[in-house]
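Chains A and B, in that order, are what the protein sequence lines are.
Residue numbers for the first sequence follow the numbering used here, beginning at 1 and rising by one.
Residue numbers for the second sequence follow the numbering used here, beginning at 1 and rising by one.
In case anyone wonders, no lab produced these hints; they're calculated from the structure.
Source: prediction; values computed, not measured.
Positions of the beta carbon are idealized from the N, C-alpha and C atoms, including for glycine.
Watch out, some of these pointers could steer you wrong.
Example chain A residues on the side facing chain B (calculated, C-beta under 7 angstroms, incomplete) [unchecked claim]:
no.	residue
1	GLN4
2	GLY5
3	CYS217
4	VAL219
5	VAL224
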Amino acid sequence: MYVQGSYPIIEKRAIAKGIFDMTILCPDAAALAEPGQFMQVAAEGFFLRRPISICEIDKEHGTLRIVFEVRGKGTDKISELKRGDNIDIIAPLGHGFTVLEDAKAVCVGGGIGTPPMLGIAEKYGSNAEVISGFRTAAIAILQDDFKAAGCKTTLCTDDGTAGFHGFVTEPLKKRLETDKPDIIYACGPAPMLKGIAELAKEYGVRCEVSLEQRMACGVGACLVCVCKTVKDGEQFLSHVCKDGPVFDSKEVDFT
Amino acid sequence: MSERLKVNFCGVEFKNPVVPASGTYGYGREYESLYPLSKLGGISVKGTTLYPRQGNPGPRVAETPAGMLNSVGLQNGGAKKFLEYELPNLLTKDTRIIANIAGSTVEECAELAALIEPSAVDMVELNISCPNVAQGGAAFGTDCTVAAAVTAAVRKELKTKPLMVKLSPNVTSITDIAKSVEAAGADALSLINTLLGMRIDIKTRRPVLKRNVGGLSGPAVFPVAVRMVWQTANAVKIPVMGMGGIATWEDAVEMMMAGASAVQVGAAIFNDPYAPVKIIDGMERWCRENNIANISEIVGTVQPW
Numbered sequence: 001m002y003v004q005g006s007y008p009i010i011e012k013r014a015i016a017k018g019i020f021d022m023t024i025l026c027p028d029a030a031a032l033a034e035p036g037q038f039m040q041v042a043a044e045g046f047f048l049r050r051p052i053s054i055c056e057i058d059k060e061h062g063t064l065r066i067v068f069e070v071r072g073k074g075t076d077k078i079s080e081l082k083r084g085d086n087i088d089i090i091a092p093l094g095h096g097f098t099v100l101e102d103a104k105a106v107c108v109g110g111g112i113g114t115p116p117m118l119g120i121a122e123k124y125g126s127n128a129e130v131i132s133g134f135r136t137a138a139i140a141i142l143q144d145d146f147k148a149a150g151c152k153t154t155l156c157t158d159d160g161t162a163g164f165h166g167f168v169t170e171p172l173k174k175r176l177e178t179d180k181p182d183i184i185y186a187c188g189p190a191p192m193l194k195g196i197a198e199l200a201k202e203y204g205v206r207c208e209v210s211l212e213q214r215m216a217c218g219v220g221a222c223l224v225c226v227c228k229t230v231k232d233g234e235q236f237l238s239h240v241c242k243d244g245p246v247f248d249s250k251e252v253d254f255t
Numbered sequence: 001m002s003e004r005l006k007v008n009f010c011g012v013e014f015k016n017p018v019v020p021a022s023g024t025y026g027y028g029r030e031y032e033s034l035y036p037l038s039k040l041g042g043i044s045v046k047g048t049t050l051y052p053r054q055g056n057p058g059p060r061v062a063e064t065p066a067g068m069l070n071s072v073g074l075q076n077g078g079a080k081k082f083l084e085y086e087l088p089n090l091l092t093k094d095t096r097i098i099a100n101i102a103g104s105t106v107e108e109c110a111e112l113a114a115l116i117e118p119s120a121v122d123m124v125e126l127n128i129s130c131p132n133v134a135q136g137g138a139a140f141g142t143d144c145t146v147a148a149a150v151t152a153a154v155r156k157e158l159k160t161k162p163l164m165v166k167l168s169p170n171v172t173s174i175t176d177i178a179k180s181v182e183a184a185g186a187d188a189l190s191l192i193n194t195l196l197g198m199r200i201d202i203k204t205r206r207p208v209l210k211r212n213v214g215g216l217s218g219p220a221v222f223p224v225a226v227r228m229v230w231q232t233a234n235a236v237k238i239p240v241m242g243m244g245g246i247a248t249w250e251d252a253v254e255m256m257m258a259g260a261s262a263v264q265v266g267a268a269i270f271n272d273p274y275a276p277v278k279i280i281d282g283m284e285r286w287c288r289e290n291n292i293a294n295i296s297e298i299v300g301t302v303q304p305w
């Protein structure tokens, strides 16, 4: 179930260079949304909508929050929308993360793959550790949000300007050795996801990854957003919008 | 819905002339939570092949000015899945069902037609124009002799159902192909399929699409589609279902004035899933405001200079 409509932006700010944070008042969409799902956002003057992951869901206040990076002319156009403007969205789309009861989770975000970790981390609060990695300190986003949700945060930067100097896989490995979680959630660049999937397999921990791909319809009709998956030894071309964006890491073919 | 939009398209009555185009609407399942499918004149379902197909590797899509390129490659679950799983559900939706079929060889197309013939679909649309497959597809639809041969082979198997043949715009003369297909026994034509195109990422010097080239659709192709529908409708006696870049009710009216007896709406749905419904409502309103008792009155009424 999803809806399409034009909804008011009730909050908007730039939280880092080229990274925008918007809260949309859309009670009908918010009521349906689960962590890990995404929305298709119309960019004025562009034919295709832009898929953007849902960062935070507030069902009580009827809002969805998105945090996105300007990647090209389409997302640049969306970033020009101001507080009070309407934004045309189709949401919520795809299937999100599996939430386990009474469990410990590690949420791993890489760069702009970090925002969808907030919605799922909030479900676990102090039972979640959020390991997030960024190129540099200036674009290390959402750390206060994760802390406010009660989560333990481990920040990594590629250049060592903040937190641990290195990739997210190193603190993740350490955590897996010392205090194995029940599940790992991850979103970020493909090489990072591949590394996390390998660690999850090595340590026998369930792992869900959120993938991205160029999309058109966003609802499973046009079949353009393919990703390679494996089930029972058989290879498939699945669709990120409908079969995902969240997949069990064992079923993703990262080759 | 009033009588104003009711059309008879080669013997099949449609409650309105608006049909989501094959490959853009799946089997309707993805859109029926937004509005009842009974609003639609019909649905041309996702292209079905004899056996399941995985389609092409990704990326399969590239945005273009006022449109998009796709290179799906007829990914589908095959005829058995369509007939046993999708069709029974579609038949409960109170809308006309057009089975869209494609094959790699003439024999395969004929075999598929024979499987579809006893089913309850209202029409068959034979796709001889997919630009994204190595065998069959546009290779059938760009040569008059081959196009006629595959049409005749499918015609022979379809004893009771109307046969509509979907044409490729990637030809020197659309009217030559249209006349060949008509002579081979087609009851109707649908056009245009996508125009072959290409985009290159200038940073990587690689094509955006993994298969290098793909089919262009969206408003960018609309004038080409109007021209080809106009030429074709004037060259054949069988009805034409017009498509290619239709995004608004005005576009649909224009396409019908060019000679289309009904229209298909495709890529516009990706931008606005309500597009087919808005087009139907807009046409209805336009007919009422202009005292047009039935939309068929406008078909081919363009007055060329």
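> Are there hints from earlier that the structure breaks, and if so, what are their numbers?
Replying inline: Those not satisfied come down to hint 2.
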